[in-house]
Amino acid sequence: GAGVSQSPSNKVTEKGKDVELRCDPISGHTALYWYRQSLGQGLEFLIYFQGNSAPDKSGLPSDRFSAERTGGSVSTLTIQRTQQEDSAVYLCASSPQTGAGNTIYFGEGSWLTVV
Amino acid sequence: DQQVKQNSPSLSVQEGRISILNCDYTNSMFDYFLWYKKYPAEGPTFLISISSIKDKNEDGRFTVFLNKSAKHLSLHIVPSQPGDSAVYFCAALIFGNEKLTFGTGTRLTIIP
Chain A
646 GAGVSQSPSN KVTEKGKDVE LRCDPISGHT ALYWYRQSLG QGLEFLIYFQ GNSAPDKSGL
706 PSDRFSAERT GGSVSTLTIQ RTQQEDSAVY LCASSPQTGA GNTIYFGEGS WLTVV
Chain B
149 DQQVKQNSPS LSVQEGRISI LNCDYTNSMF DYFLWYKKYP AEGPTFLISI SSIKDKNEDG
209 RFTVFLNKSA KHLSLHIVPS QPGDSAVYFC AALIFGNEKL TFGTGTRLTI IP
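Going down the list, the sequences are from chains A and B.
Going by the numbering used here, the first sequence opens with residue 646, and the numbers climb by one from there.
Going by the numbering used here, the second sequence opens with residue 149, and the numbers climb by one from there.
So that you can see chain B by itself, here it is in the shape it has in the complex (with noise of 0.2 Å):
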């Protein structure tokens, strides 16, 4: 049972354009979400995250959106840069447990 969503496994983003990269989750006991990015060969970095008690952080060119009643979240980079191509994982957490849950992953493409 995958619990964390990610339904587009890769996107292709001209440079300086936006990219949105989207997660879906079913379990309404998350309290916490978290963006982590992944490079070929090396462990993934935490990128944003977000509280279950807000509906939206940025940090400089990244922006999470949460939409709880769709149990939807969504990463928007602008203006995205080459820099930007590599894997970005979802993943939840039910605070008090230590377990993140991760989505299956969205490779994104920066076209210069």
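Chain A on its own, in the form it takes in the complex (with noise of 0.2 Å):
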């Protein structure tokens, strides 16, 4: 399809194990963003990539947690040694340009359940 798009959609996994999420941003668009939504929260911020540089990753909760960017596409972001407050939707979203909320297209989400 032409949306960005998530895999796993659905992942339940152990306390302590490591899991990766992939994201396949919109082919052309420059921009990646991973946010979280964790149950009754709103949509949280975790890291932006431009090209395969990552000039902001304020967001990320702690060391456990990283992305990376090949080839200007594709991202991963992977969580170690999970915990149970890791649950939560992973959303990735791509962007065409920078500093233009409104043309950020999301993905459908990773649901991500620690048990």
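Treat the hints as calculated values from the structure; they're not laboratory data.
Keep in mind that this is a model prediction, so the values were computed, not measured.
Glycine residues also receive a C-beta, built at the ideal position from the N, C-alpha and C atoms.
Keep in mind that the hints are not guaranteed to be accurate.
[As the list claims (entries may be wrong)] Here are the simulated distance ranges between beta carbons:
(1) B:I166 with A:N655: 34 to 40 Å
(2) B:P230 with A:S654: 25 to 31 Å
(3) A:T658 with B:S217: 43 to 49 Å
(4) A:P700 with B:D203: 30 to 36 Å
Join these two chains into a complex; the hints should help.
As structure tokens, this is what we get:
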């Protein structure tokens, strides 16, 4: 499809395990964002990529969280030693340009449950 | 610290009437405000936005009002339609900073 694609759509993992979430942005979009939404909360910014570099990692909640983007396209968000409080929907978004919030296109999200 | 607040978790409105969704913010540095709509199992989609230099922006049935002195914005939908039933998120950003700050959302239900 032409939209932002995320996988897996659902993931249940045991506490302490590592997980990888993948985002395939819209072709040609240079900006890529990761957000998460915990139960009863708003969307929380995690990290932003411009090309392959991450000018803003300020939202990553701990050093267990990391993200990379290769080839200016696909991004992977990795959570190490998962905890129950990591359970959330992880949303990826992409944008053809920066500085314009209305051109951000979100994927459907990856639902992560840590048991 | 919740910089963008949507104090009504839910709202029910009769079809054809006006829906008013409210949002308050605390950071006076915010330059730009947006509303997103989210259906279940889908990502949020952009609805309408407003710059801090304006106090109103209209797009079809949707109008956003900004009151900077009160740090308050609202989204008006008129007339409301069943397809408007969704969760609505208010968001804000500071120009030059790519981070959108979201509220917790308001679930709007349109009653046929």
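Note whether the CB distance of I166 of chain B and N655 of chain A lies within 34 to 40 Å or breaks it.
-> 37 Å, holds
Is 43 to 49 Å a correct range for the gap between the Cβ atoms of T658 of chain A and S217 of chain B?
-> 48 Å, holds
Starting from the range 25 to 31 Å, see whether the pair P230 of chain B and S654 of chain A falls in it by beta-carbon distance.
-> Holds - the Cβ-Cβ distance for P230 of chain B and S654 of chain A, about 27 Å, lies within 25 to 31 Å.
Satisfaction of the hinted span 30 to 36 Å by the C-beta atoms belonging to P700 of chain A and D203 of chain B | This hint holds: roughly 32 Å between Cβ atoms.
This entry satisfies every hint, going by the numbered hints stated previously.
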